[in-house]
Amino acid sequence: MPDVLLKIFRGDREGGQTADYQVPVAPGMVVLDALHHVQKHQAPDLAVRWNCKAGKCGSCSAEVNGRPRLTCKTRMDSLPQDKPITILPMKSFPVIKDLVTDVSWNYKVNKKIPGFTPKAGTNWRMQQEDIDRVQEFRKCIECFLCQNVCHVLREHDKHEQFGGPRFFVRVAGLEMHPLDGVSRVGLLKKELGLGLCNITKCCTEVCPEEIHITDNAIIPLKERVVDEYYDPVLRLVRKIRGG
Amino acid sequence: MASASQTAAYNAARTGSWWSQIIPVVLGLGGFSVYATFRAFEGALFQWGPYLSPFYSPLIDVHHRYWPYSPALLILGGPLGFRATCYYYRKAYYRAFFLDPPACAAPERRRNYAGETRFPFILQNVHRYFMYLAIVFLVFLWHDAIKAFAFAEGFGIGLGTLVLLVNVILLTLYFFSCHSLRHLVGGKLDCFSCAKAGGMRHSSWRGASLLNEHHMLFAWSSLFSVGFADFYVRLVASGAIRDLRLL
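Heads up: the sequence lines are chains S and V, in that order. Residue numbers for the first sequence follow numbering that gives the first Met the number 0, so the first one is 0 and each next one is one higher. Residue numbers for the second sequence follow numbering that gives the first Met the number 0, so the first one is 0 and each next one is one higher.
Next comes chain S alone, as it looks inside the complex (with noise of 0.2 Å):
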């Protein structure tokens, strides 16, 4: 088996650096088993959030030789075995030790979202046709690399103002929902930032669920924010009828 060199970032809030272990390379063989390998071996204190190891609970998320991804994701043979493999923690949340990071911050976001409310008198009988859409957005896995990879968050760090498309998909499955009553419109634009987001789609090529966030969530979510905000003649409609 060839070995491979792998530099992981070594370190916690207060700095670190990248620290190199060989590991041989088996047919099959992801980046978290390259990971496995060198704790049982070479450094078992080597700081690694992992779950499932099966793409499904999202908790291995790193960046590998600069790119997002679910490291249980990401097959060693996919990578140049030539040169080094990086693998450093996600930019954009503080580092806790090694490749772990603190996304408490995700949660703060969440909780600012109105849940699930319905209408007053549902008819809780739905049809697929209207629950079609939602249903993708169900699909993700907090994995958090869409928030990673978003460069409002990665190199403006607007952490305050914007909610990072994680949230743009779950405001989207809310407001999209058939039998939900409540508008998040407005917490979309005032609380959430959606105008910081410049549609270059980097969260949807990253998304391992594949969900199309940019089109499918993001920008239904910014016309609906226009149809509210920016459009004249729906605003002098809405008028008109009493709204």
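Calculated directly from the structure, the hints in this document are not laboratory data. Note that the Cβ used here is the ideal one computed from N, Cα and C, for glycine as well. Zero decoy hints are in this set.
Listed below are the simulated DMTMM-like cross-link pairs for lysine to aspartate or glutamate, each with C-alpha atoms no more than 25 Å apart in a straight line:
1. S:Lys111 to S:Glu135
2. S:Lys110 to S:Glu159
3. S:Lys111 to V:Glu115
4. V:Lys90 to S:Asp226
Covered by chain S, per the in silico footprint, the following chain V stretches (three or more residues, Cβ under 8 Å):
5. 89-99
6. 102-111
7. 189-198
Starting from the structure of chain S, add chain V where the hints point.
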């Protein structure tokens, strides 16, 4: 969140030639812009036989009674605005020309980022109005494409006829795959089965969604086709080539 030294580590770790993704966009959009600007100001060689260049359609005040400059300048704002505010092109030029970001997880230089919350980019929100305007342009372009079968001696088909026809078909596909149209025909509804004409709106939304998946393809192909259609008319009108009559 990352410190300066960590940022350097991330930038160094980002492998792959991510510049290669934006170079075709710079060349494609940049090249088209230069050519379209030249043609819009040229004000000549836009008509031959039954053919009219899409850059000059609809043709207004061709004899300069009220407008002394090129007639293209009167109308180009419509198609230009539709493309400039298009959700696909926004992604393309934010990445390629503003480097905001140049590629996913690639470093950025600009620090005073405001997205689409301030002037001028807040104007992107008027995309739907340019979409309404685009319907008018499409009607004229279909009229031109049908007229391109009517030669002086009667019905006929030239290479230019096919060029104009393919162009208007691609422009139509680009229009019907528009995100704003998808929203308008049904996407804005939360419940199709509860709405008036909900079944029809659901079918329309599904159709628009199917086309929308290929919006990028239609954006590029229609951009090239409209440029090529104009170029072809110019070549024929200038006498550089003769139109190939097929029928």
